[in-house]
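Engineer: For reference, the chains in residue letters:
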Amino acid sequence: MVRGEGIEAMEFPELSERYNVSGVPQTTINDGHGTVVGAVPEQALLSEIMRAVKK
Amino acid sequence: MPQLLNDQITAQIKDVFAGLKSPVQIILFTAKANCDYCDDTRQLLEEVTAIDARLGLSVYDLHTDADLARHYRVDKAPGIVIAAREGEQITDLGVQYSGIPSGHEFSTLVNAILMVSGRDSGLSPQTRTYIQQLEKPIHLQVFVTPT
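The listed protein sequences correspond, in order, to chains A and B. The numbers in the working numbering rise by one with no breaks, and the one at position 43 of the first sequence is 43. The numbers in the working numbering rise by one with no breaks, and the one at position 11 of the second sequence is 1011.
These are calculated hints, taken from the structure and not from any lab test. Hints should not be assumed to be uniformly reliable.
Listed next, with one range per pair, are the computed distances between beta-carbon atoms [claimed, not checked]: (1) B:Gly1056 - A:Gly38: 32 to 38 Å; (2) B:Ser1121 - A:His33: 20 to 26 Å; (3) A:Glu14 - B:Asp1015: 38 to 44 Å; (4) B:Pro1002 - A:Gly23: 32 to 38 Å; (5) B:Asp1039 - A:Pro41: 18 to 24 Å; (6) B:Asn1006 - A:Met10: 20 to 26 Å; (7) A:Gly32 - B:Ala1050: 37 to 43 Å; (8) B:Arg1073 - A:Gly38: 37 to 43 Å; (9) B:Asp1039 - A:Asp31: 15 to 21 Å.
Not the full set, but computed from the structure, chain A residues with beta-carbon under 10 Å of chain B [what the hints assert, rightly or not]: (10) Glu11; (11) Thr27; (12) Leu45; (13) Leu46; (14) Val53.
Beta carbons are placed, not taken as given, at the ideal position from N, Cα and C, and that holds for glycine.
Sequences are here, hints too, so could you generate the full structure?
Structural biologist: Below you can see the structure in the form of structure tokens.
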């Protein structure tokens, strides 16, 4: 149900551009429904996921 | 091509892999065209999986093995799936990496292998409860750089 994909940003510049990746790590949730910049605690990521899936 | 991992690094990884619990199958999708890092990624994964007998590697082509790529939901090359294996049975736990896992990201690969081998995400009970009641899939794409 949950898929986590690490992406080497320089190798896939079109995708990085699409999601406006300016710093790493940056996490895009469900094709841009949510975004988390930086390495955040699990709870913060979970909150953003919950927000993103309600959209 | 010369070895990507020198003897010292190989010995260090061997020590880390002493902590492996269950078998892990790495599934790599490559492409013949427009893939600058496919050859290096393949060699890197061959060297890593040769270090411990509990690790296996399967290599497929993103285009000629399109059905399998769809099955694992891989759409990039190099595309790496770090999956659980019991005997012949491979279970996709949703752990993937797209691109060459070099530099800082090499430790990401090693840690992903250890996590899948332990069959434990390490997530909190609260997060697990939330995930169990999900009705729609979640795709997290974590953009990283090797430096």
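Engineer: Hint by hint, note whether the structure agrees.
Structural biologist: Status of each hint after checking the structure:
{"no.": "1", "hint": "B:Gly1056 - A:Gly38: 32 to 38 Å", "result": "holds, 35 Å"}
{"no.": "2", "hint": "B:Ser1121 - A:His33: 20 to 26 Å", "result": "holds, 22 Å"}
{"no.": "3", "hint": "A:Glu14 - B:Asp1015: 38 to 44 Å", "result": "holds, 39 Å"}
{"no.": "4", "hint": "B:Pro1002 - A:Gly23: 32 to 38 Å", "result": "holds, 34 Å"}
{"no.": "5", "hint": "B:Asp1039 - A:Pro41: 18 to 24 Å", "result": "violated, 38 Å"}
{"no.": "6", "hint": "B:Asn1006 - A:Met10: 20 to 26 Å", "result": "holds, 24 Å"}
{"no.": "7", "hint": "A:Gly32 - B:Ala1050: 37 to 43 Å", "result": "holds, 39 Å"}
{"no.": "8", "hint": "B:Arg1073 - A:Gly38: 37 to 43 Å", "result": "violated, 26 Å"}
{"no.": "9", "hint": "B:Asp1039 - A:Asp31: 15 to 21 Å", "result": "violated, 30 Å"}
{"no.": "10", "hint": "Glu11", "result": "holds, 4 Å"}
{"no.": "11", "hint": "Thr27", "result": "holds, 5 Å"}
{"no.": "12", "hint": "Leu45", "result": "holds, 8 Å"}
{"no.": "13", "hint": "Leu46", "result": "holds, 5 Å"}
{"no.": "14", "hint": "Val53", "result": "holds, 7 Å"}
Checked against the numbered hints above, the structure violates hints 5, 8 and 9; every other hint is satisfied.
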